[in-house]
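Asker: Residue-level listing of the chains:
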Amino acid sequence: MAGGGATYAVTHGSTVTRVVSALLWSTCLLVVADWGYTAVDDARTAVDRAGRGAAIADSLARTVAGGGDVEQALAAVESKHGALVAAAFASVSGGVDEFGIARGAELLTTKGRIDDTMRGQLGEHTRSLETAASDALKRGGRIAFSRLAVDLGDRIEAIAVPYRKAESDKEAAGAAGVVLKAPVVSEGSAPWRWAACLLAAVLVVFLVRVGLPLWVAGVAAMLVVLAAAIAAAPTLLEISGGSLDIVGASRLFPHEAAPAAAALAAADTWLLVSMATLALLFGALVEPLAWTVSAVRADPSPYMYVGPAVLATGVLVFVPFAVGVGIAFTDRGGTFVGMANYIEVVQSLTDEASVTHFWRTLVHTVIWTFSNVTLHVTIGLALAILLNRPDFRGRKLYRMLLIVPWAVPNYITALTWKWLFNTQYGPINAMLGALGVVPVDWLGESALTNFAANLATNVWLGFPFMMVISLGALQSIPAELYEAASIDGASGWQKFRHVTLPLLKPALFPAVILGTIWTFNAFNIIYLVSGGGPDHQTEILITEAYYLFTVLRRLGLAAAYSVLIFLLLLGYTLITNRLTQATEAVDR
Amino acid sequence: MSGSSNYTGKTIWWPHLLLVPVTIATLYPVLYVVKLSLAGTGGVSASVSPLPSTFDFTAFETVVSRTDAQGTWLFGVQMLNSIVIAGLTTVLGIGLACTAAYGFARFEFPGRRMGLLGFLATQMFPGILTMIPLYVLMQKLNLLDSIAGLTLVYATTSIPFCTWMLKGYFDTLPRELEESAVIDGASRFTIFVRIIMPLSAPAIAVTALFSFMTAWNEFVLAYTFLSSEAAFTMPVQIRNYVGDKDVQWSLFAASSLIVSIPVMGLFYALEKHLVGGLTAGGVKG
Chain B
-6 MAGGGATYAV
4 THGSTVTRVV
14 SALLWSTCLL
24 VVADWGYTAV
34 DDARTAVDRA
44 GRGAAIADSL
54 ARTVAGGGDV
64 EQALAAVESK
74 HGALVAAAFA
84 SVSGGVDEFG
94 IARGAELLTT
104 KGRIDDTMRG
114 QLGEHTRSLE
124 TAASDALKRG
134 GRIAFSRLAV
144 DLGDRIEAIA
154 VPYRKAESDK
164 EAAGAAGVVL
174 KAPVVSEGSA
184 PWRWAACLLA
194 AVLVVFLVRV
204 GLPLWVAGVA
214 AMLVVLAAAI
224 AAAPTLLEIS
234 GGSLDIVGAS
244 RLFPHEAAPA
254 AAALAAADTW
264 LLVSMATLAL
274 LFGALVEPLA
284 WTVSAVRADP
294 SPYMYVGPAV
304 LATGVLVFVP
314 FAVGVGIAFT
324 DRGGTFVGMA
334 NYIEVVQSLT
344 DEASVTHFWR
354 TLVHTVIWTF
364 SNVTLHVTIG
374 LALAILLNRP
384 DFRGRKLYRM
394 LLIVPWAVPN
404 YITALTWKWL
414 FNTQYGPINA
424 MLGALGVVPV
434 DWLGESALTN
444 FAANLATNVW
454 LGFPFMMVIS
464 LGALQSIPAE
474 LYEAASIDGA
484 SGWQKFRHVT
494 LPLLKPALFP
504 AVILGTIWTF
514 NAFNIIYLVS
524 GGGPDHQTEI
534 LITEAYYLFT
544 VLRRLGLAAA
554 YSVLIFLLLL
564 GYTLITNRLT
574 QATEAVDR
Chain P
-9 MSGSSNYTGK
1 TIWWPHLLLV
11 PVTIATLYPV
21 LYVVKLSLAG
31 TGGVSASVSP
41 LPSTFDFTAF
51 ETVVSRTDAQ
61 GTWLFGVQML
71 NSIVIAGLTT
81 VLGIGLACTA
91 AYGFARFEFP
101 GRRMGLLGFL
111 ATQMFPGILT
121 MIPLYVLMQK
131 LNLLDSIAGL
141 TLVYATTSIP
151 FCTWMLKGYF
161 DTLPRELEES
171 AVIDGASRFT
181 IFVRIIMPLS
191 APAIAVTALF
201 SFMTAWNEFV
211 LAYTFLSSEA
221 AFTMPVQIRN
231 YVGDKDVQWS
241 LFAASSLIVS
251 IPVMGLFYAL
261 EKHLVGGLTA
271 GGVKG
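So the sequence lines, in the order shown, correspond to chains B and P.
Going by the numbering used here, the residue at position 508 of the first sequence is 501; the numbering climbs one at a time, nothing skipped.
Going by the numbering used here, the residue at position 136 of the second sequence is 126; the numbering climbs one at a time, nothing skipped.
FYI, nobody ran anything at the bench for these hints, they're computed from the structure.
This one's a predicted model, so the numbers in the text were calculated from it and none came from an experiment.
Take these hints with a grain of salt, some might be off.
[Said to hold, decoys possible] Here are some of the chain P residues that sit facing chain B, going by a computed Cβ distance under 7 Å: (1) Phe50; (2) Asn207; (3) Phe209.
Backbone N, C-alpha and C fix where the C-beta goes; we use that ideal spot for every residue, glycine too.
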């Protein structure tokens, strides 16, 4: 904006600007506030369902533990809580057979509504709960409330509670629980919400007329709407606090104390925080927008040229980007979960059962990027210095042959190297065989050999770029400088250190930044060579995000990963840019 | 400085000691692909030498004549997909980028800096972050397994880079050209079409070819969005030759050669311009 301000007198306070911005504001408010209300409602419904479900599961578990008729208890639960519960189930250890051998646990369910897939999921869930509960008992730990629930897909979930036969038992005997019906999706927005938002929009116009800057007025109105939303909605703690206490107080197993209250408070806080952030964002965006509108009115021609491209990128790049950032705040079913995904990412350090290995992958990504870029620059620079010597023949031919790797499409490179590292037929093992070394299972169970294979592939692929950049920069250094240095008695190394390197820096720096970003996101190489294996140990952040997205279908978590990748790269670019500017300033 | 052929002093030989092994190592994988492609479809044995031992063209034949159960000529269809997608991407992307680059290069207007920086920022967006919503969007629009969907995504993602490349070129054209045309009464758009575009034809051609190459070589999005064989682009098919189910290295090698040789030719023709574009785009404000 700064560039345009001086040359174009923008009619800042015109009536049109005000009307347009007021309209924009009210639209934004309507959309955001409505989204916020829905999210709050959904979150409350979800926790309420979970609380009630857990209470039912808990009483069922008591009955089963107490030795009652399991089938009858299940049927009773199903008929009593029909509105919420689709089916009830309990895993019962099979006791001892006639030969005195323990029979495996058996999963009893109410009739109907449970297909084979679901049976499998439930069996797995009860088994894992039993193990978790037994572990917790031995270690004296607790089971997190969130562990009780399992997602069965299609917004259906099951909640189970583990139980034991006697207080003195050191192992869980089984788990009992219920399958919850899919929640009713929030209906359209209540009219009063729209009224509240319109009122807020009027407030904006009023505040602007009083003379406050647009964004101050906007943020104020947004916060008013938010506060009203939070205050007006029925407190969830009241709805389900009672039912959740039952689970908390259950002495069958030591569940996490007061889990729901804390979870709910956190959800509310995060909702407030993220909506306030959005409000600030809109506040920051709307004024430039309104300004642009008046600028377009003043002189539309530049916008006619730029408009189509900006619109296209806006719709298919920026909007998806923003939606992606939003998805990071949702779970698999699209429900708003605040920062839960980020928290899961952060906690992957201590939670061994976590599906993500963010910290391990981050460390690996940094090592991967650093080793690659170092090798790229070293090899590229060394070759460039050689090729820059005027005193031998065939330099052009060498240059042409050495940039072949850059010309090959990189997915083909990756697959080719996968072949080279093939254990049975690959030429690398054939070479080792010729030297008498036993074949190495490069892409097998060792993380180190997998890493080596990835690294070899990417070094081969990436050094030509650095070589070409360095060569170009070297060729632009005037020979007179070297001659002058020679006259001053400089040695070869001194010339390199004090003439070549400083003059290479301006060209090499952007290339290194670009190379770092490429390597950091070298999806094709990792995905096609090692596939991230073994056991995700050679995954880089972007391939792990892809795995979370395509295999586990954890869209929210994958989006959170991508946001973190973006922030990391943004931070890196900003810092390095600052550094470049600083060094340039010093050089001057 | 690059006039190496003019060098008349004494020549030395020791750089060859270093460069010959490096060059061999560099060419080894490529030669090996050629060898694999000529090994026939009967399977290959481990060997060190990258030089072809047989000249059996059956792998090429198998790749080119591949059909599905309905008798559709898959190779032809997939090749056509690749060509159409890359071609449409180029036409769409360059068309929009040209006008935008001209706007950014020749006008001062509020939002200009923001727009340019925004375009630069898109280069940093991790592809997967936009991929997730685009996947959902394409699914809703029924464009997931189609050429149209992929083309739209490719074209829009190519716009920012092309705009920066072309803006860099437009900046170098003297403004006097347009000023004299304005005096003659030509409109801004006429100037753009009649004067600027013809003058920039080489730059536009170079940018267009890059855009084509990028779309031609794209793998992840195509691999994620396309699911039926008849909609595949060549990269997806090549990956599937060595997929999880059956691994046919010689077919992979043969199809890789067919797909890469044209773009490698392009690359060599354009390589000089690419370096300039990549580094200039990142430095200039």
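Asker: Holds or violated: the hint that asparagine 207/P contacts chain B, with Cβ atoms closer than 7 Å.
Answerer: With a closest approach of 4 Å, the asparagine 207/P hint holds.
Asker: Interface hint check: phenylalanine 209/P, Cβ to nearest Cβ on chain B, cutoff 7 Å. Holds or violated?
Answerer: Cβ of phenylalanine 209/P sits 4 Å from chain B, so the hint holds.
Asker: Going by Cβ atoms only, is phenylalanine 50/P closer than 7 Å to chain B?
Answerer: Given a least distance of 16 Å, the restraint on phenylalanine 50/P is violated.
The structure fails to meet hint 1 from the earlier list, while all remaining hints are met.
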